[in-house]
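Chemist: All chains, please: the whole structure from these sequences, using the hints.
4 protein chains.
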Amino acid sequence: MTELDIYEKQNFGNLSGIGSNPALLIVDFVNGFTDPNQFGGGNINDAINKTSELLKFSRLQKFPIAMTRVVYADNGSDNGIFCIKAPALSNLTESNPSSQIVEELSPIAGEYIVRKTQPSAFFGTNLVGWLTSKSVDTVLVTGCTTSGCVRASVIDSMSYNFRTVVVTDGVGDRAIGPHEANLFDMQQKYADLMSVDEIIKYF
Amino acid sequence: MTELDIYEKQNFGNLSGIGSNPALLIVDFVNGFTDPNQFGGGNINDAINKTSELLKFSRLQKFPIAMTRVVYADNGSDNGIFCIKAPALSNLTESNPSSQIVEELSPIAGEYIVRKTQPSAFFGTNLVGWLTSKSVDTVLVTGCTTSGCVRASVIDSMSYNFRTVVVTDGVGDRAIGPHEANLFDMQQKYADLMSVDEIIKYF
Amino acid sequence: MTELDIYEKQNFGNLSGIGSNPALLIVDFVNGFTDPNQFGGGNINDAINKTSELLKFSRLQKFPIAMTRVVYADNGSDNGIFCIKAPALSNLTESNPSSQIVEELSPIAGEYIVRKTQPSAFFGTNLVGWLTSKSVDTVLVTGCTTSGCVRASVIDSMSYNFRTVVVTDGVGDRAIGPHEANLFDMQQKYADLMSVDEIIKYF
Amino acid sequence: MTELDIYEKQNFGNLSGIGSNPALLIVDFVNGFTDPNQFGGGNINDAINKTSELLKFSRLQKFPIAMTRVVYADNGSDNGIFCIKAPALSNLTESNPSSQIVEELSPIAGEYIVRKTQPSAFFGTNLVGWLTSKSVDTVLVTGCTTSGCVRASVIDSMSYNFRTVVVTDGVGDRAIGPHEANLFDMQQKYADLMSVDEIIKYF
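Residue numbers (this note's numbering), protein chains in the order written: chain X, 7 to 209; chain B, 7 to 209; chain G, 7 to 209; chain E, 7 to 209.
Among the clues, some could well be false.
Copies of the same chain are indistinguishable here, so a pair counts whether it falls within one copy or spans any two.
The calculated lysine-lysine pairs, modelled on DSBU-like cross-linking and capped at a C-alpha distance of 35 Å, are [stated by the list, open to error]:
# : residue 1 : residue 2
1 : 140       : 15
2 : 140       : 62
3 : 207       : 56
4 : 140       : 56
Bear in mind the hints are in silico, worked out from the structure with no lab data behind them.
Modeler: Here you go:
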């Protein structure tokens, strides 16, 4: 019995679908995650390119759009366990070029920038209230890394009962094994998987 | 360059260590997760056996102990997206034998039972406040599944700045591939990995 | 300059209004809060009577309905600071008659019972996710006490960006001074005030 | 029977006390709350002076120190219901002088600045995780306004099971009636009341 067989037998992996008010959530596509000497590598740059397409489409469709950045205090006062596990995170301060959203995805008027210090876009932020204020029922997630902040954000999005879609070619990771493993977990338990083309066709 | 090399080069995977006030968190070791026709299988039963050792030790050491159960409302009023992805979850109601903690780990006086409906033991529960009330700084995590509720709980535990230890032989999963993949992710980014024997030796 | 003048000059007290998907939230109308020897007194029983009218109307209108109970663990394991400030709270366990919803407001199929241990109906519960799953944008709040769990729930409801209405004759308190003072604060900063009749007329 | 009698009869108002690791939390003492044409007035400036004494003492005692500011996005993307109730709030952007901490309390190295958009210092912030990382068990609260962001923060502090002390002469409000009414509510249900002098004598 394959792993997929086990999950099918236990009736995981059903579609949760798309509701009537989607938002686009772009996780941590900042300069530091495009540079393999910082947090980048793998298929992250490809995922930025595909996200750029979805961002243009979402703007035309007037979807609410939120983008996250990792931002720690200049004085290090909010560096916690995550900065012990991965010390370079603490360099991502407000004005560090590494913590700026990549140029290709520069936010425009009305788009919501979420500053966060933990993996999930929802943790210690006002994202859930912002989604409520826009009457959002579905969250389309792109960003990086699939095995890190995307996964954490997807768990919380589903836990708050948003229908959640992981955009398969809009999420990227520095290493492909964890990328694939986390897509599997998220599809089985938390979210639907759709490509950018499939999403554009759907609407 | 292997995946591990990439993470090492980017300086992930540092130890976060153990503080001075540990608690034991046992995630979802309930009857429904021991039965391969419900949510069980793989190495879950082995993990229960090892957790039983750690539970005895933790009681002797007077560690605060919390155990989670998945409990949905009898009338289905709180069934959300998670129950769409995995419909059998909604059977785990207060009095269903499947949602009772396994006999081997039966809670005793003073142990805290956390009822939850989402993957993380922290989501929609009072676990963080309970840990605060016990002055806990370190959370030792066992339970199932490694790729599901353990992973989600570990992300939140670290996000709240608890030093977090995943007990490698005290966590189990219905399928071994996801079990291993999630241990890798958690060690690199969120928690330390220690076996039951290593923990007992440490204290 | 009266207190109201100060608030008007600083431009507080604007209407936040009612959206298109209201829910009814009934806070802590359980037997222990009808008994002046436990937590009752003042205008609480009157507020229950008026809430009963609004509950019937809400059921006809098919509004999602949630009711909270205070429920502490039988073994006392989750008694925290709140139970130090007010020790009788810890008696409100699952099967204690004092923690059961008053007969006049008995929940029917599909209504969501929220068990909580803290003042706010949102704290350590899945209420926000439940409201999301129903696409709610407005929360009508009745219950008790105005100066306690109602106030705390209203702050959180507004903080999550729900349009929030405090039902003036559907909320009650053991003492009238704090009842009035808290209605003032909530109207100025967090919510609109409407009577049951005004709400029924509105829809 | 006075209101106080009712609360005494029902056994409210017990002391929750001070633990072994206190932190100082200063809520919203920013320039806009010192100006009666914005959000100021009443006894707020007096409370800032007393807080300055407690801040000096807390630095000598090496208590962890956190200060909050209200900060909304420059582009208004995160303005929610609170900004409908009180529209001037949306002016409090990152670089507006009104949202800067008053000079008298300027933070020094290691002190944690919490940016928030909602009443509670805990809502949508990482404050609870920061307190965990410092092993804090007691929160001493000063700031403004007593009937607004102080009250909301105190409810959450207690809900997370921190022993909470409202510093009576370190909290202020634009109007004295609500200031007094909220001190009463907080003492009865959530926190202990102590003056700056009493706190300094205690340690």
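Chemist: Please go over all the hints and tell whether each is borne out by the structure.
Modeler: Verification of the supplied hints:
1. 140 <-> 15: Classified as between: cross-chain Cα gap 30 Å, same-chain 38 Å, threshold 35 Å.
2. 140 <-> 62: Both: 19 Å inside a chain and 29 Å across chains, each within 35 Å.
3. 207 <-> 56: within (15 Å within a copy, 50 Å between copies)
4. 140 <-> 56: both (25 Å within a copy, 32 Å between copies)
Every hint from the earlier list agrees with this structure, and none is contradicted.
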